[in-house]
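S.K.: Put together the whole structure using the sequences plus the hints.
Just so you know, the working numbering puts 80 at position 80 of the sequence shown, and the rest follows in order with no gaps.
No lab work stands behind these hints, which were simulated from the structure alone. Treat the hints with care, since some could be wrong.
Calculated cross-link-like contacts (lysine-lysine; reagent style DSSO-like; alpha-carbon spacing at most 30 Å) [what the hints assert, rightly or not]: (1) Lys-63 with Lys-89; (2) Lys-79 with Lys-105; (3) Lys-105 with Lys-75.
Estimated spans, in silico, between C-beta atoms of each pair [what the hints assert, rightly or not]: (4) Lys-77 with Gln-23: 52 to 58 Å; (5) Asp-109 with Lys-85: 17 to 23 Å; (6) Gly-26 with Leu-46: 17 to 23 Å; (7) Lys-42 with Asp-109: 23 to 29 Å; (8) His-11 with Lys-75: 47 to 53 Å; (9) Glu-73 with Asp-32: 31 to 37 Å; (10) Asp-5 with Lys-63: 32 to 38 Å; (11) Lys-29 with Ala-80: 33 to 39 Å; (12) Lys-77 with Glu-127: 24 to 30 Å; (13) Asp-8 with Leu-46: 17 to 23 Å; (14) Asp-62 with Lys-20: 29 to 35 Å; (15) Asp-115 with Met-24: 43 to 49 Å; (16) Asp-32 with Arg-122: 41 to 47 Å.
If you're wondering where the values come from, they're calculated on a predicted model, not measured in any experiment. Glycine is no exception: its CB is placed at the ideal position from the N, C-alpha and C atoms.
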Amino acid sequence: MKAGDSFDCPHCGRNSFLKKGSQMDGWKKVADILACASCSAKIATLAAPEATAKPNSSASLDKLASILGAEREEKPKIKAKGSEKNFCKDCRHLIIHPFLYRCSKHNKDVNPMDDCPDFVRRPTEAEEKK
Numbered sequence: 001m002k003a004g005d006s007f008d009c010p011h012c013g014r015n016s017f018l019k020k021g022s023q024m025d026g027w028k029k030v031a032d033i034l035a036c037a038s039c040s041a042k043i044a045t046l047a048a049p050e051a052t053a054k055p056n057s058s059a060s061l062d063k064l065a066s067i068l069g070a071e072r073e074e075k076p077k078i079k080a081k082g083s084e085k086n087f088c089k090d091c092r093h094l095i096i097h098p099f100l101y102r103c104s105k106h107n108k109d110v111n112p113m114d115d116c117p118d119f120v121r122r123p124t125e126a127e128e129k130k
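M.R.: Written out as structure tokens, the structure is:
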């Protein structure tokens with residue numbers, strides 16, 4: 001059985017078709033189900049697709065690598081020094097407003113990804129409670 005197939009519903013007795021739906025446990029999806037389009041009664045549970053062991057592995061990527069004659073490379077990791085991560089979004093002087101971002105030290109509009117020589121890191125919530 002699959003979604004869209006016609007069948008006679010054992011619950012309501014009508015000739016109806018199957019619709020695909022989700023069985024939920026609160027906000028968490030538990031399973032995919034097939035239900036009657038007329039009365040929404042659960043008819044069957046669909047098999048869940050198996051999770052892959054490696055998120056970076058797939059058959060199509062392996063085929064592409066074999067065609068190109070190259071081996072798969074790991075994703076590069078960017079390591080920045082502490083002074084290279086001084087963005088206004090992390091600064092103590094940034095004032096966030098729904099329509100603009102403002103620097104209280106320089107009294108001007110700024111972009112959150114701007115950098116500044118007067119950068120002072122904003123304290124974390126744990127540091128503020130001390």
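S.K.: Run every hint past the structure and note whether it holds.
M.R.: Each hint, compared with the structure:
1. Lys-63 with Lys-89: Given that 30 Å is the threshold and the Cα spacing comes to 42 Å, the pair is violated.
2. Lys-79 with Lys-105: It holds: about 29 Å lies between the C-alpha atoms, which stays within 30 Å.
3. Lys-105 with Lys-75: Outside the cut-off at roughly 39 Å; violated.
4. Lys-77 with Gln-23: 52 to 58 Å: 39 Å, violated
5. Asp-109 with Lys-85: 17 to 23 Å: 22 Å, holds
6. Gly-26 with Leu-46: 17 to 23 Å: At roughly 20 Å between Cβ atoms, Leu-46 and Gly-26 fall inside 17 to 23 Å, so the hint holds.
7. Lys-42 with Asp-109: 23 to 29 Å: 55 Å, violated
8. His-11 with Lys-75: 47 to 53 Å: At roughly 50 Å between Cβ atoms, Lys-75 and His-11 fall inside 47 to 53 Å, so the hint holds.
9. Glu-73 with Asp-32: 31 to 37 Å: 35 Å, holds
10. Asp-5 with Lys-63: 32 to 38 Å: 33 Å, holds
11. Lys-29 with Ala-80: 33 to 39 Å: 37 Å, holds
12. Lys-77 with Glu-127: 24 to 30 Å: 27 Å, holds
13. Asp-8 with Leu-46: 17 to 23 Å: 20 Å Cβ-Cβ, so the 17 to 23 Å window holds.
14. Asp-62 with Lys-20: 29 to 35 Å: 30 Å, holds
15. Asp-115 with Met-24: 43 to 49 Å: 45 Å, holds
16. Asp-32 with Arg-122: 41 to 47 Å: 44 Å, holds
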